[in-house]
Each structure stands twice: as structure tokens, then as C-alpha cells.
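J.: Chains X and U supply the protein sequences, listed in that same order. Residue numbering for the first sequence is 1 to 113, as defined by this note's numbering. Residue numbering for the second sequence is 1 to 115, as defined by this note's numbering.
To be clear, the hints were calculated from the coordinates, so they are not data collected in a lab. Model, not experiment: these values are computed from the prediction. Heads up, some of the hints might be wrong.
[As the list claims (entries may be wrong)] Among chain U residues calculated to face chain X with C-beta under 8 Å, some are:
no., residue
1, 4
2, 11
3, 26
4, 39
5, 43
6, 89
7, 93
8, 103
9, 109
[As the list claims (entries may be wrong)] Which chain U residues stay away from chain X? Per the calculated CB distances, all over 12 Å, these:
no., residue
10, 17
11, 28
12, 29
13, 45
14, 46
15, 63
16, 64
17, 66
18, 67
19, 80
20, 83
21, 86
22, 87
23, 108
24, 113
Virtual Cβ for every residue (Gly too), placed ideally from N, Cα, C.
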Amino acid sequence: GDSVTQMEGPVTLSEEAFLTINCTYTATGYPSLFWYVQYPGEGLQLLLKATKADDKGSNKGFEATYRKETTSFHLEKGSVQVSDSAVYFCALRLIQGAQKLVFGQGTRLTINP
Amino acid sequence: GAVVSQHPSRVICKSGTSVKIECRSLDFQATTMFWYRQFPKQSLMLMATSNEGSKATYEQGVEKDKFLINHASLTLSTLTVTSAHPEDSSFYICSAWALAKNIQYFGAGTRLSVL
Numbered sequence: 001g002d003s004v005t006q007m008e009g010p011v012t013l014s015e016e017a018f019l020t021i022n023c024t025y026t027a028t029g030y031p032s033l034f035w036y037v038q039y040p041g042e043g044l045q046l047l048l049k050a051t052k053a054d055d056k057g058s059n060k061g062f063e064a065t066y067r068k069e070t071t072s073f074h075l076e077k078g079s080v081q082v083s084d085s086a087v088y089f090c091a092l093r094l095i096q097g098a099q100k101l102v103f104g105q106g107t108r109l110t111i112n113p
Numbered sequence: 001g002a003v004v005s006q007h008p009s010r011v012i013c014k015s016g017t018s019v020k021i022e023c024r025s026l027d028f029q030a031t032t033m034f035w036y037r038q039f040p041k042q043s044l045m046l047m048a049t050s051n052e053g054s055k056a057t058y059e060q061g062v063e064k065d066k067f068l069i070n071h072a073s074l075t076l077s078t079l080t081v082t083s084a085h086p087e088d089s090s091f092y093i094c095s096a097w098a099l100a101k102n103i104q105y106f107g108a109g110t111r112l113s114v115l
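With the rest of the complex left out, here is chain X (with noise of 0.2 Å):
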């Protein structure tokens, strides 16, 4: 079945650190990829999406390319803030189907000062 594995967490680094959350999917079609940002005690909001292969989304410094080659979609941010800390959520929509998403596990992410 269609599924989104994300690399596993936490994650910690220092502030203006460069950051790396590794997310590869499965799908039988074409899907498009999504990462979502949950701050603490919020829901879930779209940071960024690509709808195609080579895509690139990109979003508050944060950048992701849609890899249909390697079925990866990466999120990466080259100087991390303490604002950046909350959990991230790859997932992928597919077109065929109603607007269902498809979450990866999550990463933590805490930037310490």
C-alpha cells in the first residue's frame, strides 16, 4: 500500500545549524508530497509542497524536491532557529483517490540556543 516513511527523531541541533529530515514514500501512482509543520499545542499547517517530479517546494528558508528517482522528498533548512522547533510530517495526497493524506511517523526537531 501507499505509505511515508520518515527518518526517526528526535532530532536535536544548535541554532543556525544546517538540517536534514529524511522522508522516502511508496505509491502506486503519482502522488504529491507534502511536509507539515505542528507547533505545541497547534494543528497541523502546510509548510511546503511539490506536485511533480523536480518539483521544489519551498517555505520559510525550509526547501524540499520532489525525487521520483529516489521516491524521496527531503526537507532541508541551511540555518536552523529556535522558532523551527516542532514536529514535521511528510505526506503524500494521491490524485486518483478523494483528498486523503497519507502522514509519515513524524520528527521531532528541538534547536537548543
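Following the hints, put chain U in place on chain X, whose structure we already have.
T.: Quick look at chain U alone, frame taken from chain X:
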């Protein structure tokens, strides 16, 4: 500000009672809403798809008589956990599909604790 409001944010109830959780889209109409369950340190698991004016579509393994979903208007879906038991304790999250923007907006979640 939040575009999807979920209420209550936290509820504690006794075993055997029923609990209703509301999910409202605040500035858009949502013909489709979703209900998820999140276990500690785990991902969101889709429970059901709620369609305005029709019966919800439940995912495999989710008891429809246990988790009643009503989507009576374009801005409100409710999830009722009937005869709750301690194993139903979890974090429940709703989302609403904004068709015009092709984005799914999420509520802040409801933490249910059944004693």
C-alpha cells in the same frame, strides 16, 4: 489566525460516557472534512472522511458505531465517541478541505482522556 476550529481542546470523561468533538471551518465552506487519530509519538491515522449531507466513509478497522460522524452543514463536522473506554484515549484531529485553495487545513486537536 486559525481557519479550522476544533472544540474542545481537552476533555476528560468517565468510562461509558459519550463525548462529542466539533470541527468548524471558519471562513470557507468544506464539503469534505477528515478525522484523524494520533497516538503518542506516532503519526496521524485517518479514521474517516466526512462528506456534507452524506454518510461518512470509514477506514478499515474503524468502528462506525463507535465513532459517529455527522457533517450536517458546510462548516461543521462532529465526531462522537460513544461509550468511551480508556483505550479510546488519544489525540483526535480534524481537517477541512478548502477546495478553492486545494489545501487541507487542520484543527488544533482534542486530547481525550477516558478514566
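J.: Would you mind marking each hint as holding or not holding in the structure?
T.: Consistency of the hints with the structure:
The interface hint given for residue 4 of chain U holds, since its Cβ lies 7 Å from the closest Cβ of chain X, which is under the 8 Å cut-off. This hint is violated: residue 11 of chain U has a C-beta 15 Å from the nearest C-beta of chain X, more than the 8 Å allowed. Of the supplied interface hints, the one on residue 26 of chain U is violated, with its beta-carbon coming no nearer than about 12 Å to a beta-carbon of chain X, more than 8 Å. Here the hint on residue 39 of chain U is broken, as its CB sits about 10 Å from the closest CB of chain X, past 8 Å.
Because the smallest distance between the Cβ of residue 43 of chain U and any Cβ of chain X comes to about 4 Å, under 8 Å, the interface hint for this residue holds. About 18 Å separates the beta-carbon of residue 89 of chain U from the nearest beta-carbon of chain X, more than 8 Å, and the hint is not met. With a cut of 8 Å, the hint placing residue 93 of chain U at the interface with chain X holds, because the nearest CB-to-CB distance is about 7 Å. Against a cut-off of 8 Å between C-beta atoms, the interface hint on residue 103 of chain U holds, since the closest Cβ of chain X lies about 6 Å away.
Interface hint at residue 109 of chain U: satisfied, since its Cβ lies 6 Å from the closest Cβ of chain X, which is below the 8 Å cut-off. Every Cβ of chain X is farther than 12 Å from the Cβ of residue 17 of chain U; the closest lies at roughly 25 Å, confirming the non-interface assignment. At roughly 14 Å from the closest C-beta of chain X, the C-beta of residue 28 of chain U stays outside 12 Å, upholding its exclusion from the interface. Non-interface status of residue 29 of chain U relative to chain X is upheld: no Cβ of that chain comes within 12 Å, the nearest being about 15 Å off.
With a least CB separation of 8 Å from chain X, residue 45 of chain U falls inside the 12 Å interface cut-off, contrary to its annotation. Listed as outside the interface, residue 46 of chain U is inconsistent with that label: its C-beta sits roughly 6 Å from the nearest C-beta of chain X, within the 12 Å cut-off. Every CB of chain X is more than 12 Å from the CB of residue 63 of chain U (nearest about 19 Å), matching its label as outside the interface. For residue 64 of chain U, the condition that its CB be more than 12 Å from all CB atoms of chain X holds, with the nearest at approximately 17 Å.
For residue 66 of chain U, the requirement that its beta carbon stay farther than 12 Å from each beta carbon of chain X is met, with the minimum near 21 Å. Distance check on residue 67 of chain U: its Cβ is at least 17 Å (rounded) from any Cβ of chain X, clearing the 12 Å threshold; non-interface status holds. No Cβ of chain X approaches the Cβ of residue 80 of chain U within 12 Å, the least distance being about 20 Å, so the stated non-interface status holds. Even its closest Cβ contact with chain X, about 27 Å, leaves residue 83 of chain U beyond 12 Å, as expected for a residue assigned away from the interface.
Every beta carbon of chain X lies more than 12 Å from that of residue 86 of chain U, the smallest distance being close to 24 Å; the non-interface claim holds. The Cβ of residue 87 of chain U sits about 20 Å from the closest Cβ of chain X, beyond the 12 Å cut-off, so the non-interface label holds. With a minimum CB-CB distance of about 4 Å to chain X, residue 108 of chain U fails to clear the 12 Å threshold, and the non-interface call is violated. In this structure residue 113 of chain U is separated from chain X by more than 12 Å, as the shortest Cβ-Cβ distance comes to about 16 Å.
The structure is inconsistent with the numbered hints 2, 3, 4, 6, 13, 14 and 23, although it conforms to all the rest.
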